[in-house]
Every structure is written in structure tokens, then in C-alpha cells.
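Asker: Dock chain B against chain A, hints included.
Going down the list, the sequences are from chains A and B. Just so it is clear: in the first sequence, position 365 is 365 by the numbering used here, and no numbers are missing. Just so it is clear: in the second sequence, position 126 is 126 by the numbering used here, and no numbers are missing.
Since the hints were derived computationally from the structure, they do not count as laboratory data. Hints may contain errors.
To be verified - No farther apart than 30 Å at their CA atoms in a straight line, the calculated lysine-lysine pairs in the DSS-like style are these:
hint, chain 1, residue 1, chain 2, residue 2
1, B, Lys187, B, Lys149
2, B, Lys124, B, Lys149
3, B, Lys124, A, Lys6
4, A, Lys6, B, Lys149
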Amino acid sequence: MSPRWKKAIGDLRAHRGRTLLAMVAIALGLAAAGTVLDTWALVRVATRDGYLASDPAAATLRFDSIPAPLRAAVLDAVRGVPGVRAAESRRTTTARVQMNGAVLTAFLFTSDDLAGQRIGRLRSDLGAWPPGDGEFVIEHSSLDFSGAAVGEPVRLTAGDGPTVELMMSGVARDVGLAPGWMEHVVYGFVPRSTLRALGISDADDEVRLVVEDGTLDREGVRRIATAARGAAESAGVRVGSVDVPEPGEHVHAAQMDSLLYTQGAFGVLALFLAAFLVVNLIAAMLAGQVREIGVLKAIGGRTTQIASLYLAVAAMLGAASAAVAVPIAMLAGERYAALKADLLNFDLTGHTLPLWVPALQVAVGILLPVLASIPTVRRACRVPVGEALRDVGIHDEARVPAVLHRVSGVSRPVLLSLRNAFRKRQRMVLTLLALSTAGAVFLGALGLRRGVLGATDLLFAAQRFDFGLRLAAPQSPDSLSAIVREVQGVEAAEVWTGATATLARTDGTFGSGFPVQAPPASTTLLVPPMREGRWLRAEDSLSLVIGRGLLREDPTLRVGGTLRLLIAGHTDEWTIVGIAETGTGPAAFATREAIMARTGEGATTVIVRSALRGDGAQLELIQRMRQALLANAMPVASSVRVAEQRRSIEDHLLMVVDFLSVMGWLMLVVGALGLASTMAIGVLERTREIGVLRAIGARDGAILAIVQAEGLTIGLLSWAIALPLSVPMSLALGAAFGRIMLPVPVRIIPDGTAVLAWLALVLVVSVGASAWPAWRAMRVPAARALSYE
Amino acid sequence: MPAPTASAAAPLIRLRDITKSYPGAAAPFTALDGISLDVAHGEFVAVVGESGSGKSTLLSLVAGIDRPSTGELQVGDTAVHALPESQMAAWRGGAVGIVFQFFQLIPTLSASENVMLPMDLCDKWPARERRERAMALLQQVGVLDQADKLPSRLSGGQQQRVAIARALANDPTLLLADEPTGNLDSKTSAAVLELFAELVRGGRTLLLVTHAPSAIAHASRAITLADGRVASDTRSTVRAMAHA
Chain A
1 MSPRWKKAIG DLRAHRGRTL LAMVAIALGL AAAGTVLDTW ALVRVATRDG
51 YLASDPAAAT LRFDSIPAPL RAAVLDAVRG VPGVRAAESR RTTTARVQMN
101 GAVLTAFLFT SDDLAGQRIG RLRSDLGAWP PGDGEFVIEH SSLDFSGAAV
151 GEPVRLTAGD GPTVELMMSG VARDVGLAPG WMEHVVYGFV PRSTLRALGI
201 SDADDEVRLV VEDGTLDREG VRRIATAARG AAESAGVRVG SVDVPEPGEH
251 VHAAQMDSLL YTQGAFGVLA LFLAAFLVVN LIAAMLAGQV REIGVLKAIG
301 GRTTQIASLY LAVAAMLGAA SAAVAVPIAM LAGERYAALK ADLLNFDLTG
351 HTLPLWVPAL QVAVGILLPV LASIPTVRRA CRVPVGEALR DVGIHDEARV
401 PAVLHRVSGV SRPVLLSLRN AFRKRQRMVL TLLALSTAGA VFLGALGLRR
451 GVLGATDLLF AAQRFDFGLR LAAPQSPDSL SAIVREVQGV EAAEVWTGAT
501 ATLARTDGTF GSGFPVQAPP ASTTLLVPPM REGRWLRAED SLSLVIGRGL
551 LREDPTLRVG GTLRLLIAGH TDEWTIVGIA ETGTGPAAFA TREAIMARTG
601 EGATTVIVRS ALRGDGAQLE LIQRMRQALL ANAMPVASSV RVAEQRRSIE
651 DHLLMVVDFL SVMGWLMLVV GALGLASTMA IGVLERTREI GVLRAIGARD
701 GAILAIVQAE GLTIGLLSWA IALPLSVPMS LALGAAFGRI MLPVPVRIIP
751 DGTAVLAWLA LVLVVSVGAS AWPAWRAMRV PAARALSYE
Chain B
1 MPAPTASAAA PLIRLRDITK SYPGAAAPFT ALDGISLDVA HGEFVAVVGE
51 SGSGKSTLLS LVAGIDRPST GELQVGDTAV HALPESQMAA WRGGAVGIVF
101 QFFQLIPTLS ASENVMLPMD LCDKWPARER RERAMALLQQ VGVLDQADKL
151 PSRLSGGQQQ RVAIARALAN DPTLLLADEP TGNLDSKTSA AVLELFAELV
201 RGGRTLLLVT HAPSAIAHAS RAITLADGRV ASDTRSTVRA MAHA
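One chain only, chain B, in its complex shape:
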């Protein structure tokens, strides 16, 4: 695992006493129980754990897709936990890029159009620049030649690359990926993970939910969740070792 590049500057993501509970048939189910952690700029963090450990919930909270039941969540200068619903989508479109396990490309749009869609929704770039930018992103992820094809004509790996290009559409500092290689074969998975590493080397911060060992190997830090709590955090271990 490469050495962590944690900086001494303010963290990009800050969680304090985050709890998330869902109503259940018998009793409420607690997905996250008092999580507190920081993620620094430029970190490649793998969030690992068994099914039901709360890792996808953690990602949803950071993305503003769900709200914590209690606690504070700061991403950059934004108190995400307090952001009104009416502003959440716009914040998310500009600040966060999300990559899903099942790609979630719009089936009726071509690859390039899928990449242009977030630009269209957030209006960050002038309309005349959007296609050029989309093409550049597709080139960056290695699927420029698939630009005008519909998702149904692309392989799983190609679709996921397009999804990554879409996540980069509005140039977010933070990327969130939920089991991005869960639906890919090992060779394609390795290529996608290498792409993620390249993006982190380029200055982005990545939070990646996974239970694939290969993904953990690419990360600079691994946070293990169990029963909604942080069971281990390799950043703490490294610090402890450094100060030992």
C-alpha cells in the first residue's frame, strides 16, 4: 500500500458523532453508531466491512443522498448535515462525483451525452464547451472511441469508465465510489482501480466502498466498519507506528 499523503491542512471531510438509524418493523435499525473521522485532501480511502456494516450508508451520508440522524458532517466548507434539501442537489452536482456499482448510465443517452448530463444539470460550463469537455474526459478514461454509443452497446468495464467520466463532469474535488468493481471481471477491475489511483494522484480525494482486496491494496488508507462503528483505521495504525 503506498504511504499516506495526508496533509496537515484542514480535512476535506469531517464526521463527528454521526448516527444513522432506519425505522424497522420491530425496532429501529442503527446503520451507523457514533462515527467520527476525517478524510484529508488527496486521500484514497477504502471503506471496507461485511454486508450490513454501514459502509454504503456512510457513503450516502457524505454524498448528501441521505441525512444523518444525529451528528455533524462537513465536506469542504459545507455543513452537509444542515444543507436544505432544495440546495443539496446543486451542491452535490458541483462538489461530489459519484460512481455506482451498476454504473447507472441513462440508457437512452450515448456515452458522451451521459457525461454532458451533469454539466447540463448544474450549468457550470458554457453550453458550447460541454461536448468538448465530455470528449476530453472520455479520452482521459480511455473510451473516447465509444463516445457516440448507447450504454447497451458497451461492455461493463467501458460503462464504468463512462460513469467515472460522468462523475468528473463538473470537476469535483471529491469522488465517491460504491463497489465500483463489484460488477466487473478481475482484469477490468484492475484497470478501473488504476484509473482511480491516477485520479487521486492528480489531486482528487476518493472514498471507495469495497470488499475487494485488490481495491484495498490501491488505497492509501482503509477504514473498516463493523456493526456501524469504525473497527479499524489504517491511518491511526500508521500514525501510531510513526509515533511509536
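Just chain A, with the same shape it has in the complex:
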């Protein structure tokens, strides 16, 4: 190896501690950004090879019923529509399933040929496929949630039909479904014989189609789906709703992408902060090598040769860091991708990271420190040779702010610490930037967490009931009311209905279906906070209150405006009378009477506030109500407890907050490393000064205190700067969270607890980061220090 490059390596070795700090910081930033990139790439590969390869439905037409004799005609009609590549029908049945000692809600999927299904292809993961007579195959994402195992018996009941015992014979995967564990639903596949045994007819209720032109956007697919609806209806069946998802996108894909992009942004930010540490390290190295650079020039070294040496040092740092970080990112990325895949119900097995992904990380790891160091290296290498040779070694260019020369009333050692902190402005600024940015993210994440919890409080404050029972078939509201009020333990009960509505557009196409909840206008069990307008009134017929989720779908909707809705085959013009603060999904509210007039059916849901507290007592009440209703030939299909729903939503939302918070912690570690590096360099530069202090009587404790106080000064400054910096950070985090999940009222100004928590953290970081440099400062003997250059 040529002496030039040996010198570069020797320089790194000569400053081992600082080099290691800078390497760790870069490795952390690179690992964070790399993990997110790897996750995104793996999920993208799985999406392409898994989800898209399953040929997901471009549109779904939902029907009241497609009787078996009409099925072939309906499918032929739909297939004959120009632009339709293929169409298949199936049935989805809501049932109750008893498995592993629990009773859970089940969605059962049935078609003529489950194994041969071409649209939304299913894949067998384990055991029998397709399910034969007497068999039940569970969907992969419901397996753990159900607690059951292949080979165990399950008992299915649908409506008021008989209970059928089946054997769980296998596990299959439908990548197009939102995960069962997330929806608290057991998805299963059964043959038509099982449905007959359950007392369910042979009629299908869904036609799914795919289009010929894979490049069509959502509007293009909608036009084809509308034509297909017309064709199906001309074959003699009524279409309830038409659902057209974003082409090629999994139902959770947008959320996943938003989360990944936001985390990726923070990962890149951490990487840039780490690059600043490299700048600090290179600057300190160069400050101590001015004369050496002069000598190199004196013996024939050109500026470009010398500059390339130091840039090579930065590149070596980056390469060493990448050697550690890239494998870590690949490992962590695999784990995180598996978690994401679980949320998407994808299978990552057999998918590998494309080679360009780790190659890009290595390139960034090497180039970023080089690019960050260029201005500093350029400056140092351009010092004229004569000036460089006259340099007297490491010396101070104390550019202390003038105000610190006027401070009085403090001891000289404390004054020394205050001024020491400002000796090297660039270094100070970079260190403060790293620490205060970390603090801003930390405070922002705390504010977001509070906002999320506040939002769920708000969301569920509207629901003044404990559970809802969904009936197997619509019933008379009066009869239902009479029965439920007699059940002991019921504090209040209401009978609601609901329907699926589809927006009918002026161009004849239809939007996606969304639920319309229909309580009595005078409901006391649902009181959502109104953003605008008013709640429903008893006299309302075609009046609608829309939720915020629907506003996201179509921001042109406004109070006083109208929209055409297709409900149960009827298209009517509805007037928006209010906008309510509701959850993420599109939803709307209408009076029970208005919806019953459209569906021609009775009530479908009983909403109950329990007089009894506690999970156990409420579950017993649910059982008693089921029995009471069943005894009156009004069987219950499923029940949902608000407390469980709330827990599930909160867990989901807080999971996203936690993912974002991890980035804050990461940046705090990088900031701490930055402070440690700054303190170490500062102590080295003041070796002679420390020798002088010793010579005039400073003991170990005094030296330690001076160094620690300097670290605390920087820490406290970063704490103060982080406070105003957290305001835009909170806004950014809130906006990111709003894109990922739902808009929440984020607390922009940090509260007292958050401020104190950050203060405590910064004190710990400052003391910790200064500890080793302070210890080193105490170890330097006076004689050696005084002769230090």
C-alpha cells in the first residue's frame, strides 16, 4: 500500500475513539434508513409477485341474491361487457363459529370452484384444498387469532339455521383480504354442501371481475363496472352496490406506503445528522494536521492529492459503517417487512431483496460522508503552504459571543465552561442541530401520542353504548324493542338499521360502497361531535349526515349540498345536513325510517348500553340477549363490543405512533454520539490548557466539573432550541399521521410533562456523553499537557 493511503488509515487509527463514534452514528443512520428501504423493497416485491399475481378483482358487484338458475346468465352478461376480461361469482355468508372454546364471527366464502378460482387466486398453505364435504379451511390471517388448529372440529351456525360440525382440514391464503386478526373475524372457505347444511341457499351475492386493460385508472374501471352492473340487472338481478378499489393496490397499501415514507424521511434525516458528525471529525482531524498538510505540499503534494486523502478517510469511515449497517438493515428490514406483510396478509417466503437495494445503501454510506466533508477539506487544503508551515499545532480560534465576555457573578471555572462551549462555532452548531432535532422529534412524537389518545377518546365518546348485536335477518323495530327492554341488565337499548350505499355519479358511474348507519333520529346512544351543520331530525327523510372519512373520499361534499346514492337498488338525491367527526373509513348516517323505506326491510341491529360493568358481566348480558331474541325467532348473527373495538383501534393507531417514535429515539442516539464526539475533540484541543489549569492548582474534580459543565451547556441549549423546533415537527408528524391513519388534533405546543421529560433526557445524555471525555481530561498529566501541540 502506498504511503499516502497508509497515512490516511493511520490518521483514522490515531483518533480511534472519535472515529468509532462517527462510525456508530453513520451506521445507525444508515441502518435506520436502510431498514425502511429494505422493507419497502421487499413488500413491493411481495406485492408484485403475491398480490398482483393473484389477479385481484378490479371491481366487485354486490347483489341481494343471484339465484342458482340465473347465475350463468348473469355471468355471461357481465363477461360480455366490453373491457371485461373475466368474471366469477361467489357467496359470502356471515355466521358464528365455535372454535377453541370461543364463539367468533365468521365470514364464509363459497363458490363453484374455490381451487380453480382465477380472480383473487387462493393458495393453499397447509392441509386439504379445496375443502370437501364436512370440511372447513381457515384463511391464514385468522388462524392465530382463532386459536384453533388443523384437525380440530369447528361448529358453524348461520342465522337461525342448524349448527353444523365440520373438521378444520387446512389453511389457505387470500392476499386480497384485510387480515382477519385485525378485523376480529374468522375467514373460512366451505363447499356449497356446507351452506346447504347450514340452511343457506345456493344463491351467490357477489360477482368479481377483472378488466382487459391493466393500465386503466380507477375512473376507467368504474366505467366498465357501471356497464357490468347494467348488464347484470338486465339479466334479472338487482345490484346493491359496486365497489371499485384503487387498481393494483391492496386495501392497506396506501397506509403502509405513507407510514414507510414517513419513517424513511426520518431515517434519511438521521443519516444526514450522522454525516454532520463526520464533518466534525474530519474538521477536528484537519485542525490538528494543518502543518502536516503544509509539509505534504512542501514535499510535492498537490492540493487535489491531499484533499483526496482526507476525502478517502471519510469514504473509509462510510464504508466501514456500511459494512456493519447494511447487514443489520437487511435483517431488520426482513423482520419489519414480515410484520408489514402480516398487516397486508402477504407471504414473504421465498422473496429476496433485489441487489440494487443493499448496493444503493453501500453507495450512500460511502458517498454521504465524502460529500459532507468536501467543504471542510477544501478549506483546509487551500491554506497557503507558508501559512500552514507556520501553524503552531492545535490551537484555539476562540470566537466566543461577545455577551459571554460580559457575564458576571459566576466563578471562573463555570465561565470557562460557558465560553468553551462556543469555541468552535461550526462544531457547536452541528452538535446543537443534531440534538435539538432529536428533541423536536421526541416532543412531537409525545404530542402525537396524546393527540391519538385524545382522538380515540373523542371517537368513542360519541358511542354511548357498550355493544351491538347484528341480527341474522331484519326484524320489526317495535318487536325487537319490546324484547330487549325486558332483558335484565339493559340500561338503554335502541334498534337501528343500516345499508351499504354507493355514490351515483353524474357520468353514470358509481363510487365505492360505504356503510350508512341508521339510528332513530332521537338516538341517545350515538352522539358524534358535529364539525359542521346539524344532526338528524325525526322529520328528515332524505337527509344525510356524513362522516369525515367520506369527506376525504370526496372533498367537494359540503353541508347543504346533495349527493345521489344508490341504496338497495334505489337511486335518490340526499341532502347533506351535517358533517360529523368520525373515524377513518367513509361512513354516513341517516334516519332509521329513511333507510327502512329504501331497503323495504326491518331493523338489523340492536344497540345496548349495559347497566353492568366489567367484561365478564357484559358478555353474560350478550348471551342472555341472544337467548331472548332466539327464543322469539330473532337469531343474532354476530356481536361487537365497543371496548374491544376501542382497544383494537387504539393498538393499531399507537402502533403507528410507536413506529414514528422509534425514529425520534434513533435521532437522540445520533445526537448523543454527536455531543460525545464534540466533547472528545474539544478536550483534545484543550490538552495544553488543561495542563495549565493543573499547573495552577486545579484538581481532578475541577477539571471534571469544567468538562461536564460544558457538556451540560450544550445540552441545555439544545433543550431550549428543541422547544420551538417541536412546533413545526408536531405539525409534520400530525400531517404524516393524518395521511397514514386519520387526522388527529395534535398538541402543537408541548405540555409541561413533555418539556420536563425532554429536559431529564437531555441532562442524562449530556452527562453521559461528557463522561468519557471528562475522565480522559483528568488523566492527562500536567507535564505532557503543557508540551502538547
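Answerer: Chain B only, in chain A's frame:
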């Protein structure tokens, strides 16, 4: 002092009306004031004077480390005063060998690696010959057995010998030494000066800044500077005596 060996051929170094001023807090400080002199091939010239007389400045100008404020400076065929900055380092690496008072060896490189460094920077010798050449130079200066040691393991005298070997790395005709014995004891100083004399006898030209009498005794010519001007030049004195 040995008789001067000045040749009648063109001088190696030619200074004409050289002035060097530095900006000062109150007024500019003039380090050199209208210096004109020649140095012939093969001369061992001692440049002497009190602190602040301009002797180190003179050396810096000849080495191309600093630029004269006014005047012309020629070293060999090169008008150093007009050489662009981008070409200066390369010229210096090939034409001039510099020895510093405090040795200025790279602390993270061994003795042999320090000697190979100028060869590496100037690319004058094929890579496979560099180590052999470095070893030969270290032998010439008498420290071959220290070849693989770091500077911190060498005595002052050994370090200075390594520095001299480094100055010879690209076989320059001109050697410049700024107080090379300033940091050495008398015995080591004598050995280093004898080494310099040997190099001059071997055909090199040496400009040595010093205020040590022992160094002046080895030189064939002594130029005394005072307040930035040539106060005396023994070559002129000898010529005058010869023509008297």
C-alpha cells in the same frame, strides 16, 4: 571554511530585487527589501542573521512556499515567482528537497514510508522501485536499521537524517534546510552538518538557514541578512580579495 567552488556557468538560483511584505496590524511589515543575489551550482550557502532578519522568508521564497511581493526569482530554468499555484507543488517535489528544523515527519508512517512519500506524490519513480530507493537513501544517511520504525521511536538526530533522506527522495539538485540543527545536540548537529557537506560534495547545491557557527564553518559561502537586506556576502569578500 573551504574555498568556494563557484562555477562560471549560469547560476542555479537567481534573485533580482526581491521584496516580501506582510500585512501588519498597524502597517505592512517588510521581511525582505530588494534582495538580489545568485547561488551557483554546487555551492553550500549558509544564510545567517538575527531573528526577524528575513532568512527563513528567503528560504520560503526559493522553495516556492511563499511568493515575493515584487522581483524575480529563477531556480534553474523555472521562473518560480511566475509559476501558477497549480504547478508549484509538482515543481517543488521534483526540483527542491526541504529539511525543516522540527523534522516534520508524518507520525503515522515509518521512516522508510516517510522517505517514499515524496516519490508517491510526484510519481517520478516506478512504484516497484520506490522501497529499494528509500532503503538506499536511508543507508546513505546512516539510518537503514531504523527503516521500519515510527518517528516517535527515533532520536532527534535519527529523525533529522530520515528527513534528509526524504528531501533526497526525488533526487533534487537543490536542497533547502531551515535551521536543521536547531533541535539537536552539538554532537548530532556535527554529524548532520557533515552529511550535508557530503551531499554538496556529491554535486548538490545547499541553501542552509542557520545561526549556528558550526554550520557556517561547513559552508563555502555565508550570506548575512539584516533587516531584510544582504548585510554581507562572503562570496563578494573572497572575490574582492581575489581581485585585490
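Asker: Given the hinted pair A:Lys6 and B:Lys149, is their Cα-Cα distance within 30 Å?
Answerer: Measuring from Cα to Cα gives roughly 14 Å; hence the hint holds.
Asker: Holds or violated: B:Lys124 and B:Lys149, Cα atoms, limit 30 Å.
Answerer: This hinted pair holds, its Cα atoms lying about 25 Å apart.
Asker: Between B:Lys124 and A:Lys6, does the CA-CA distance stay at or below 30 Å?
Answerer: Holds, at about 19 Å.
Asker: Does B:Lys149 lie within 30 Å of B:Lys187 when you go C-alpha to C-alpha?
Answerer: holds (23 Å)
Checked against the numbered hints given earlier, this structure breaks none of them.
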